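Sequences and hints are given; from them, build the entire structure.
Taken in order, these protein sequences are the chains called A and B.
Per our numbering, numbering through the first sequence is continuous, rising by one, with the last residue being 130.
Per our numbering, numbering through the second sequence is continuous, rising by one, with the last residue being 1390.
Simulated from the structure, these hints should not be mistaken for laboratory data.
Treat the hints with care, as some may be off.
Stated by the list, open to error - Below, in silico cross-link-like pairs of lysine-lysine (BS3-like), each with a Cα-Cα straight-line distance of 30 angstroms or less:
| no. | chain 1 | residue 1 | chain 2 | residue 2 |
| --- | --- | --- | --- | --- |
| 1 | A | K57 | B | K1347 |
| 2 | A | K82 | B | K1347 |
| 3 | A | K36 | A | K82 |
| 4 | A | K71 | A | K82 |
| 5 | A | K80 | B | K1321 |
As the list claims (entries may be wrong) - One side of the interface only, derived from the structure: several residues of chain A facing chain B at Cβ under 7 angstroms:
| no. | residue |
| --- | --- |
| 6 | G77 |
| 7 | I109 |
| 8 | F121 |
| 9 | G122 |
| 10 | S128 |
Because the structure is a prediction, the values reported are computed rather than measured.
Where a beta carbon is used, it is the ideal one built from N, C-alpha and C, also for glycine.
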Amino acid sequence: GAVVSQHPSWVICKSGTSVKIECRSLDFQATTMFWYRQFPKQSLMLMATSNEGSKATYEQGVEKDKFLINHASLTLSTLTVTSAHPEDSSFYICSARLLNEKLFFGSGTQLSVL
Amino acid sequence: KQEVTQIPAALSVPEGENLVLNCSFTDSAIYNLQWFRQDPGKGLTSLLLIQSSQREQTSGRLNASLDKSSGRSTLYIAASQPGDSATYLCAVETSGSRLTFGEGTQLTVNP
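Set out below in structure tokens:
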């Protein structure tokens, strides 16, 4: 079946640094990928929709300058958390759709900002 | 604005028991509803997807139903096993491939 790979699975960084998270569709092309954030004991919240070759669409309340999304190819989308702060510590997860089938999710990235 | 609610928030059952997880949503204009499993610190595994025109889907010991008009779905797990212990998430898809998730039901199956 379709596989979405996300890397790294966990990262610890100092406050003020930037962190890049990669999301790859391994055996299919994904023109659209989605980025979610999940705080402890809460559900997943859509952050942005990443479109290949164009700008991402951000949900209300998500700072586009803080969460930079690049979808440079049909198999790769990246999320960069710029100038990370402790409140950005969260579980970030991406997803991609294969044609009109169900969405497939990456394994997630646990970000801890010290 | 679409809101998804899952009941109960947590459930603990002995091995072998049949159980039902509930999901409700406020806006019936959905494309589909999907049930996921999430293990601690891990990503999501899609269990069942029900298109808006369908009423149920089955996979092994899992059966999911959808009543779009009333905004409800149930996930039935037969003969539960300790390996079923996880958080189960319900999500509805609306226009633009937007998924709205519930907060999940944390299931513990005791051996």
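We went through each hint and held it up to the structure:
no., hint, in the structure
1, A:K57 with B:K1347, "holds, 27 angstroms"
2, A:K82 with B:K1347, "violated, 38 angstroms"
3, A:K36 with A:K82, "holds, 12 angstroms"
4, A:K71 with A:K82, "holds, 14 angstroms"
5, A:K80 with B:K1321, "holds, 26 angstroms"
6, G77, "violated, 13 angstroms"
7, I109, "holds, 6 angstroms"
8, F121, "holds, 4 angstroms"
9, G122, "holds, 5 angstroms"
10, S128, "violated, 12 angstroms"
Checked against the numbered hints given earlier, this structure breaks hints 2, 6, 10; the rest are met.
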